[in-house]
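Enquirer: Take a look at the letters that make up each chain.
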Amino acid sequence: MADATPVLSIDGLTVQLPAGGDRFNAVENVSFHVNPGEIVCVVGESGSGKSVTAHTVMGLLPRDQLTPTSGRILLQGEELLGRTPDELRRLRGARMAMIFQEPMTALNPVMRVGEQIEEVLKIHTTWSAAQRRARVLDVMDAVRLPDTERLIGSYPHQLSGGQRQRIMIAAALALDPALLIADEPTTALDVTTQAQILKLIRELQERRGTGVLFITHDFGVVAEIADRVVVMKHGRVVEQGTAAEVLQAPRDPYTRMLIGAVPSLTPRHRTAPESAEVALETRSLQKIYVMGGLFGRKRTVPAATDVNLRIRRGETLGIVGESGSGKSTVARCIARLIEPSDGAILIHGADVAPLSARALRPHRKRVQIVFQDPYRSLNPRRTVGASLIEGPMNFGLGKAEALERARNLMTMVGLDPDALTRFPHQFSGGQRQRICIARALAMDPEILIADEAVSALDVSVQAQVLALLDDVRQRFNLAVLFITHDLRVAAQVCDRIAVMHRGRIVEEGGTVALFRAPQHDYTRALFDAAPGRHFAFGQHAAS
Amino acid sequence: MTEVIERPTATDIGTVTVKGRRGGFVWRYPLVFLGATIVGLMAIAAFGAPWLGTVDPLALDPLRRLRPPDAVNWLGTDQFGRDIWSRVVYGARVSLIVGIAAAVLSIGIGLAIGLIAGYVRLLDSVAMRIMDGIMAIPGILLAIALVSLSGASTLTVVVAITIPEIPRVVRLVRAIVLSVREEPYVEAAIAAGTRLPLILLRHVLPNCIPPLIVQATYVCASAMLTEAILSFLGAGTPPEIPSWGNMMAEGRAFFPIAPRIVLFPGIALALTILAINVLGDGLRDRLDPRLAKRM
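Going down the list, the protein sequences come from chains R and P. All residue numbers for the first sequence refer to our numbering, where the first residue is 1 and numbers rise by one. All residue numbers for the second sequence refer to our numbering, where the first residue is 544 and numbers rise by one.
Calculated directly from the structure, the hints in this document are not laboratory data. A virtual CB, placed ideally from N, CA and C, is assigned to each residue, including glycine. Mixed in with the good hints there might be a few duds.
To give a feel for the contact side, a few chain P residues facing chain R, derived at Cβ under 7 Å [stated by the list, open to error]:
| no. | residue |
| --- | --- |
| 1 | A718 |
| 2 | S722 |
| 3 | E725 |
| 4 | Y728 |
| 5 | E730 |
| 6 | A735 |
| 7 | G736 |
| 8 | T737 |
| 9 | P740 |
| 10 | P753 |
Cβ-Cβ distance ranges computed for the label pairs, FRET-style [stated by the list, open to error]:
| no. | chain 1 | residue 1 | chain 2 | residue 2 | range |
| --- | --- | --- | --- | --- | --- |
| 11 | R | K298 | P | D675 | 21 to 31 Å |
| 12 | R | D22 | P | F590 | 48 to 58 Å |
| 13 | P | S691 | R | R63 | 52 to 62 Å |
| 14 | R | V110 | P | P681 | 33 to 43 Å |
| 15 | R | T421 | P | L776 | 33 to 43 Å |
| 16 | R | G324 | P | R664 | 22 to 32 Å |
| 17 | R | D86 | P | A679 | 28 to 38 Å |
| 18 | P | L685 | R | D86 | 51 to 61 Å |
| 19 | R | S160 | P | G583 | 20 to 30 Å |
| 20 | P | L577 | R | Q158 | 48 to 58 Å |
| 21 | P | D667 | R | V110 | 25 to 35 Å |
| 22 | R | D444 | P | G583 | 45 to 55 Å |
| 23 | P | D675 | R | R236 | 52 to 62 Å |
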């Protein structure tokens, strides 16, 4: 490395939180640096201050709320703190650029993507329109977008999520900045797309010698892409070092806990209950959405086609697939939150698919569902207790008994029974997910559907909630339908896995067999895309 | 492995600050306070009219016509010798009754239709097309037509004002219902076997209340204004009931020599409507902090 000056060097950075927060400083005494041609991953759970650090560098902190109080941030040796907004604006885009998590909201929906890339050039250069257009096509080529002449005039909604993220990267790299800050750039993407984007960032960075500050919560991504790793917790750096050092020999207990909590891709050996009674079976289940009609031409969109599933009691069946694969549609059909178009849903041999809402009611309690978003799954205006007793009281249980059951369930999911009088906003995400599990169990169900139930949680919390789900499965002999996009999670909790792609089940089998020898091309593509697959996680247990 | 319940963080501003700091309401919500005070005074005037130094607002006194304000007639008298102060105070009754009745009726009916339209797909398009139809009829025209068909009375005026307001409430409620019904907690309630009426009552309705309170203040203000316009046009409150609108209508011929006949009810009307709108704005900011920040 010829250039010895780091692209970015942060020294003793402290950013103060507004009064009344849960801690005094958002970021405290943070120091690390990014060398040219190096990818530094800042990794931590939500609230660790990793995003605040990135936004401080870009000068994008919300004014009057977060203020850097001490420390230095040097961009190629130049101090960034204390610059006027105007000076920072000139640096942004030209010498440092940022890409964000959500490519849909980060792009302007009513502006052609070509113009959005060009905007950076308009602001920072005095080039002619022809020069700018040539440059735009050039960077679009560089991020491997196909058919750039056509794409340059498209609007964001006409592109796929991966293509949108490529546009973001193209805009960020248009002026060859020295520093690229990537704030969870692949979190909202499917695994196969994520793998492509990670490869692209790696490739561009090697070719151009850009320093990359990569913010992520995902140790799989870290293993995939990082040269060096900075681990943050509650606003402090707890450990930093090369990727190999931190991943293979973590010194700090927190890092060890984080890495230990990452589920392994090697399936755990489980004894599947072969002979238990079948709790749920679907036969040729189908869901077709009909759009338009009346005036427009009717369009039919098959969301799920010919889905055949079978779950025994005490067994966990995983449905794995990317967004739009129809896995949630299947779950919601089985819970009868949406009407299946065709096929049968047999619960203990009785077909519930054709039943009317009234006739269905007695069957409702048998199937319960836990949703992904812990912040929207509980009515914010009702106490946790009211949410927990609602279902049992619908089926004729007295209030006192229902409350007693709710108290027992709260204890069982690891929460204080006296917290029943509290409101959902007084709980953390993981605690809310426990409450949702308790709410489902309050119905005394036979089938529990977990629809991405741990996807929104931090990895350490995720591990606890997974353990809880497994515990209640055994205790109540539940049939669990586990919907997930995360192969690691699926490997750890599922007895059998069904892989869905474009509304169909393309492969189904025992977890161990499926992971050892995937048959279908799509399954193999999924496995190849899993970030950090070459690194064996789940070995450093928390100490 | 019992977890410690987290204490609320700074983001949960809603309930925490209200419970935490009781004092200083006036200073934190000056608009709500100001609006509520004026509306409160109007309400006192309406209910306590007989005890506020008033005489019979209909009593004619031909000897004291068009008198300027003095110790007997605080705001002077009109062309028939009626006491303007008494008529303004009693006039508040009509405005308040019409305003509140129109608000309650349009919110009540609109809420019911909106909930059904938002939840029952079959009725949705039918109900919304009917609402579109009502919205296409000019409100004043409908009112004049109704009054000429069924005669002038406070009830007719209320009905005439309520009907054109209903579609706005329906649209508001329907929009909220459509977004709330997709919330996972509503789906969880469905999966728990909660019947539709209970779901609407427990999970959907509470989300409609804050915007509806704000909407109610606007309906109320606009109803008072419409009532005054209708009375002014002679198609509203019958002349034997003192209302601000017909005071202004009767007094407009005498404006050059006794402007107070028109001015005082006009001021009362303007002040009330301003106060109600200010109260509505303040409540909206209080009930929906996201909107307040955007202003």
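Enquirer: If a hint holds in the structure, say so; if it does not, say that too.
Expert: Hint check:
1. The interface hint given for A718 (chain P) is broken, as the beta carbon of that residue sits about 18 Å from the closest beta carbon of chain R, more than 7 Å.
2. A cut of 7 Å between beta carbons decides the hint on S722 (chain P): the least distance to chain R is about 11 Å, and the hint is violated.
3. With its C-beta approaching chain R no nearer than about 9 Å, E725 (chain P) sits outside the 7 Å limit, and its interface hint is violated.
4. The beta carbon of Y728 (chain P) comes within 4 Å of a beta carbon in chain R, closer than 7 Å, and the hint placing it at the interface holds.
5. Because the smallest distance between the Cβ of E730 (chain P) and any Cβ of chain R comes to about 5 Å, under 7 Å, the interface hint for this residue holds.
6. At a threshold of 7 Å, the smallest CB-CB gap from A735 (chain P) to chain R is about 3 Å, leaving the interface hint in force.
7. Given the 7 Å rule on beta carbons, the hint for G736 (chain P) holds: about 4 Å separates it from the nearest Cβ of chain R.
8. The beta carbon of T737 (chain P) comes within 5 Å of a beta carbon in chain R, closer than 7 Å, and the hint placing it at the interface holds.
9. The restraint placing P740 (chain P) at the interface with chain R is violated, with a minimum CB-CB distance near 12 Å, outside the 7 Å limit.
10. With 7 Å as the threshold, the beta carbon of P753 (chain P) stays out of range of chain R, its nearest partner Cβ sitting at about 11 Å, so the hint is violated.
11. About 24 Å separates the C-beta atoms of K298 (chain R) and D675 (chain P), a value consistent with the hinted range of 21 to 31 Å.
12. In this structure, D22 (chain R) and F590 (chain P) meet the distance hint of 48 to 58 Å, their C-beta atoms being roughly 49 Å apart.
13. Checking the proposed 52 to 62 Å range against S691 (chain P) and R63 (chain R) shows it holds: the Cβ atoms sit about 60 Å from each other.
14. Hint check: V110 (chain R) to P681 (chain P), Cβ distance near 34 Å, so the stated range 33 to 43 Å holds.
15. For T421 (chain R) and L776 (chain P), the Cβ-Cβ distance of about 57 Å falls outside the hinted range of 33 to 43 Å, so the restraint is violated.
16. Between G324 (chain R) and R664 (chain P) the Cβ separation comes to about 24 Å, which falls inside the hinted range of 22 to 32 Å.
17. Range check, D86 (chain R) to A679 (chain P): Cβ separation about 52 Å, and the 28 to 38 Å hint is violated.
18. Evaluation of the 51 to 61 Å hint for L685 (chain P) and D86 (chain R) yields a pass: the beta carbon distance comes to about 57 Å.
19. Between S160 (chain R) and G583 (chain P) the beta carbons are some 58 Å apart, a value that contradicts the proposed interval 20 to 30 Å.
20. Checked against the given bound of 48 to 58 Å, the beta carbons of L577 (chain P) and Q158 (chain R), roughly 51 Å apart, stay inside it.
21. Taking the beta carbon of each, D667 (chain P) and V110 (chain R) are about 29 Å apart, inside 25 to 35 Å as hinted.
22. Hint check: D444 (chain R) to G583 (chain P), Cβ distance near 53 Å, so the stated range 45 to 55 Å holds.
23. At roughly 59 Å, the beta carbons of D675 (chain P) and R236 (chain R) sit within the given window of 52 to 62 Å.
The earlier numbered hints that this structure contradicts are 1, 2, 3, 9, 10, 15, 17, 19.
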